[in-house]
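Going line by line, the protein sequences match chains A and B.
Under our numbering, think of the first position of the first sequence as 1, with each following residue one higher.
Under our numbering, think of the first position of the second sequence as 1, with each following residue one higher.
Hints are computed from structural coordinates only; laboratory data are not their basis.
Some hints could be false.
Unchecked claim - Here are the computed lysine-lysine pairs in the DSSO-like style, where the Cα-Cα straight-line distance is at most 30 Å:
#1 B:Lys35 / B:Lys9
#2 B:Lys26 / A:Lys23
#3 B:Lys17 / B:Lys82
#4 B:Lys116 / A:Lys102
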Amino acid sequence: MFGPTTKVLVVDDMLTMRKLVSKTLREIGLTEITEASDGVLAWEAIEKAAPPIELVISDWNMPNCTGMDLLKKIRGSSKHAALPFIMVTAEAEQHQVVEAVKAGVSNYVVKPFTPEALREKLEAVHKKASG
Amino acid sequence: MQLDANFFKPFVDGAMKTFEISCKLKALPQKPFLKGSQPQPEFAIAGVIGLTSPKFNGNITLCFPAPVFLAAMSSMLGEDFKEITDDLQDGVAELLNIIYGQAKVVLNQQGHAVEKAIPSVIRGSQIRTTAVSSTPVMVLPFKTDAGEFHIEICSE
């Protein structure tokens, strides 16, 4: 399972949402959190991070570079292709889920979400990544 | 399009769920009314989102008096906020975005084909919302321990 030393990148253009996701992560024991306000800044953070980012939790709808753009960039990169990626969305319609799965999302979480719901998603992603 | 209870309900359900989960506040829906038929509180911040579908064009506004918004944000983010700052104001857009997202899924299951939209924020000391069309604006009031907030649904 991801733990206190897991390096997490939280990506959202809304400051309050970044704070909420980070607070929820701390509640479930993850404290090594970096934040980025769009996909471009997130990609820079992923490229520069040392030790490397081990998990990305990203909003879908963002200006400049959306969560989907970021996911495709990560999956298309030889260096970061296997990076676990959880998409956060307020609009969990079937066609969107299918689009995200096709692009290689590790899992997705629908807003509003409880700490327990996020923990379950993290466990599922970790199991998939280690399995 | 005639606004009816089936159209409002996803927004009411979305607001209740969002407040309960994200803000840990009970938001109890009160009796809806037409804008202008009853007094409304003074709002300090509002989020507005356009709602476009083949059956409906209009907007949804989420309006808060300052104490209610501050209580919601304080509870949501685990900090004690005393004033609405630039850093805090996108919280109203995020709450509206979450409510809209849930309502969109339900409305689209009913065949509305609601499109994706981006919310914007209005902030001031005494915000007054006014309909720009002659169509009545429906007000959905909610009661919380910190006071009332309203969702307004306006069609073109």
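Hints and how they fare:
| no. | hint | verdict |
| --- | --- | --- |
| 1 | B:Lys35 / B:Lys9 | holds (18 Å) |
| 2 | B:Lys26 / A:Lys23 | holds (21 Å) |
| 3 | B:Lys17 / B:Lys82 | holds (25 Å) |
| 4 | B:Lys116 / A:Lys102 | holds (20 Å) |
The structure is consistent with each of the numbered hints, conforming to all of them.
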